[in-house]
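In case it helps, mature numbering (1 follows the signal peptide of the UniProt record, and there is no 0) puts the sequence shown at residues -20 to -1, 1 to 473.
Quick caveat, the hints were computed from the structure, so don't treat them as lab data.
No false leads were mixed into what you were given.
In silico DSSO-like cross-links for lysine-lysine, where the CA-CA straight-line distance does not exceed 30 angstroms:
1. 149 <-> 56
2. 286 <-> 353
3. 255 <-> 125
4. 353 <-> 319
5. 262 <-> 343
6. 369 <-> 355
7. 353 <-> 285
Estimated spans, in silico, between C-beta atoms of each pair:
8. 323 <-> 288: 22 to 30 angstroms
9. 419 <-> 357: 52 to 60 angstroms
10. 377 <-> 463: 25 to 33 angstroms
11. 303 <-> 175: 46 to 54 angstroms
12. 382 <-> 44: 47 to 55 angstroms
13. 377 <-> 303: 22 to 30 angstroms
14. 44 <-> 433: 35 to 43 angstroms
15. 466 <-> 382: 17 to 25 angstroms
16. 156 <-> 288: 41 to 49 angstroms
For glycine and all other residues, C-beta sits at the position ideal for the given N, C-alpha and C.
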Amino acid sequence: MKMKVVSVMLLFIGLTAASAEGHSKYAKEIVATGGFIQTPISDADYVTSGHDNAGGPDFTVAAAHTVDAVVHVMTKIMPSSQDMSNGMQQDPFFNFFFGMPDNPRRMEPQMASGSGVIISTDGYIVTNNHVVAGSNNIEVVLNDKRKFDATVVGTDPNTDLALLKINAKNLPTIVFGNSDDLKVGQWVLAVGNPFNLTSTVTAGIVSAKGRNINIISSKMPIESFIQTDAAINPGNSGGALVNTKGELVGINTAIASETGTYDGYGFAIPVNIVKKVVADLKKYGVVQRAVLGVTIQDINADLAKKKDLKTLNGAYVAGVEDGSAAKDAGILEGDVITKINDITVNSVADLQGQISQFHPGDKISVTINRAGKVKTIEATLHNASGGTKLVQNKGLEALGASFEEINNTLKQQLNISGGVQVVSLQEKSVLAQAGVKKGLVIVKIDNEPVYSISQLQAIVNHINNASARDHGLFITGIYPNGEVAYYAIDLSK
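Make a model of the complete structure from these sequences and hints.
What follows is the structure, encoded as structure tokens:
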């Protein structure tokens, strides 16, 4: 996770404990606070329901409906230098390419944590991708102190969301609300586990909507955050932002702070984006991302004057891709998009947030302002490859190989913390054509540690769902004889 600096630091707040040596560790450039490294949080939602005897808002009902469905997500992260020890550190190219020291000492694993929200009685949990990214062991602690091992169903780095599953039944859940209905000034509650303090509830208001803070570093980031002043601190990442009815309106994700702790600015992913992402991950294993096919930018007074725009509200269309949904619908360069399905669009973030809720093939109404004249047109959204069909989850079949997670004997032999081994290989598969041989233990893809088949599956799914130009991956691996190998793979072939 990378800290972004605007006028203050923008931080993911995931909680990482000190190593066995007793020193606070900066894991993935997260802020270490009180012996723990925490993950960013975000804002909340509000509703006007009930007042206490003093005439103030009453949050007891919302809190009661929420705390039991917010969980503590504990992860174990093995440092990359440990992953690449023994045979790998003997390779000068590897040391140079990955910045490894000549004689790396064995590092202790880091225990990190954040929060999560139970969304189904049978154990599906939504959290932030940055809470679980790079981990090789995930444990979920319920509010009643029961513990469960969790598996990753799927991840979406573009929205910083992940879907987990635990083997449990009859769990408490939080009902989904509607983030489009949120109003600036409404009360919201942030629920999570800051500083390892379980089931903490704080209150604030919706400070703003449609915020883009440039904190998600994926290839196609989608940021349309809810901003809140509800207190959010390290460990709140992945927790719930709810309205006063106890309905989920967002997933707390980041804070803007000069100190690394609460400073009045939190950011949450709107639940309308969350609903679509987790439904796709559960049903398809990948996010079915819809594309309008326009280059857009926010409007300010200077741009409006330069382009002679008749409105300052909306997203300015700076370009239209050939063969895109926008092109087919008749959207032109110079148009200003002001509504999607009658939902007001005031900014690029608003437009991204609205489009992210749809699937390829969905028809939407787009309201535009063209030289002062308002018109509404229909567009059929495309997928990243330019078609209208849902992306088929090819999964690991795209690699043309079968895999298994390595056992403890091979871990000790290679002195690595985990990996996925190629146990069979099709002769004309993309892996074979790249030079991969049977027996390779994959330890990293695109510099992200791979400890399990589910992690490998999630990475391949994400790449297959990207645009054709982004269908590449870089594999780092080691053979049982200690030979280090690197392979560039093109999944578009």
